[in-house]
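Asks: Sequence:
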Amino acid sequence: MQNKIIKNNPELCTGLSIGFGAIALLFWLQSQHTARVSIEKRTDSQKTIEKPASPIVKPTVPPVSKQHIHLVLKRSMRKLYMYKGDSLQASYPVAVGKPGWETPIGKFKVIEMLKNPDWTHPKTGKLVLPGANNPLGERWIAFWNVGREYIGFHGTPDKTSVGKAASHGCVRMYNENVRELYEMVKLGTPVLVEP
Numbered sequence: 383m384q385n386k387i388i389k390n391n392p393e394l395c396t397g398l399s400i401g402f403g404a405i406a407l408l409f410w411l412q413s414q415h416t417a418r419v420s421i422e423k424r425t426d427s428q429k430t431i432e433k434p435a436s437p438i439v440k441p442t443v444p445p446v447s448k449q450h451i452h453l454v455l456k457r458s459m460r461k462l463y464m465y466k467g468d469s470l471q472a473s474y475p476v477a478v479g480k481p482g483w484e485t486p487i488g489k490f491k492v493i494e495m496l497k498n499p500d501w502t503h504p505k506t507g508k509l510v511l512p513g514a515n516n517p518l519g520e521r522w523i524a525f526w527n528v529g530r531e532y533i534g535f536h537g538t539p540d541k542t543s544v545g546k547a548a549s550h551g552c553v554r555m556y557n558e559n560v561r562e563l564y565e566m567v568k569l570g571t572p573v574l575v576e577p
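Each residue of the sequence shown is one higher than the last, beginning at 383 in this note's numbering.
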């Protein structure tokens with residue numbers, strides 16, 4: 383009797399088909415979500431870690447050259463240029479490494495940033511706390527290192543050295559300029575040092 387009602391009533395048949403289709407779709411979506419959870423085995427500890435798969439998103443990103451800050455240091459001119467994309471945003475006079483201690487040439491990235499850094503004298507080991515006599519001034523922005531030796535942009539209490547080849551490789555700046563630069567760059571900011 384029920385088969386006759388369903389066969390003789392096409393609207394009921396269509397409604398049931400849509401309902402069952404919707405339920406099937408919900409089960410399918412749930413199974414897709416469950417399938418997107420991946421299980422990774424870490425070979426080092428043999429632990430199993432459940433990690434949800436990242437959703438596939440294709441954001442619209444402007445070209446890198448129009449978006450990011452990058453720095454260009456021209457050693458011979460003793461000038462630092464800050465660009466946003468292709469547009470010059472600022473330039474600063476600097477002191478660079480003296481003969482025998484030249485600031486390295488090449489492509490680098492900002493690797494460390496500190497406000498009011500302390501400084502340890504490399505020969506005596508004496509610690510100089512932040513303040514007016516600290517050789518690093520008010521900000522430190524490192525872009526090169528070998529072991530424990532770092533080179534970076536920093537302020538200086540010796541304003542007369544700016545514009546000269548006077549440092550042990552670092553790039554000295556007026557404190558007001560390095561404070562401004564510090565607010566514009568971040569870890570990973572590209573640094574190009576040219577002769």
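The hints are simulated quantities; they were obtained by calculation from the structure and are not laboratory data.
Quantities reported herein were computed from a predicted structural model and do not represent experimental measurements.
Please note that a few of the clues may not be correct.
[Said to hold, decoys possible] As a list, the in silico DSSO-like pairs of lysine-lysine whose alpha-carbon atoms are at most 30 Å apart: (1) Lys480 / Lys491; (2) Lys508 / Lys491; (3) Lys541 / Lys461; (4) Lys466 / Lys505; (5) Lys497 / Lys480; (6) Lys456 / Lys489; (7) Lys541 / Lys568; (8) Lys508 / Lys466; (9) Lys505 / Lys541.
Asks: Take the hints in turn and mark each one as holding or not.
Replies: Hint check:
1. Annotation: proposed proximity of Lys480 to Lys491 holds, straight-line Cα distance about 22 Å (limit 30 Å).
2. With a CA separation close to 29 Å, the supplied pair Lys508 and Lys491 stays within the 30 Å bound.
3. This hinted pair checks out: Lys541 and Lys461 have alpha carbons roughly 15 Å apart, not beyond 30 Å.
4. Proximity of Lys466 to Lys505 is assessed by CA-CA distance (about 39 Å); at most 30 Å being required, the pair is judged violated.
5. The suggested pairing of Lys497 with Lys480 holds, with an alpha-carbon distance near 25 Å, which does not exceed 30 Å.
6. Note on Lys456 and Lys489: the hinted pairing holds, with a Cα-Cα distance of about 12 Å set against a maximum of 30 Å.
7. With a C-alpha separation of about 25 Å, the suggested pairing of Lys541 with Lys568 holds against the 30 Å cut-off.
8. Proposed proximity of Lys508 and Lys466 is contradicted: the alpha carbons are some 39 Å apart, above 30 Å.
9. In summary, the hint linking Lys505 to Lys541 is supported, as the alpha carbons are separated by about 23 Å, within the 30 Å threshold.
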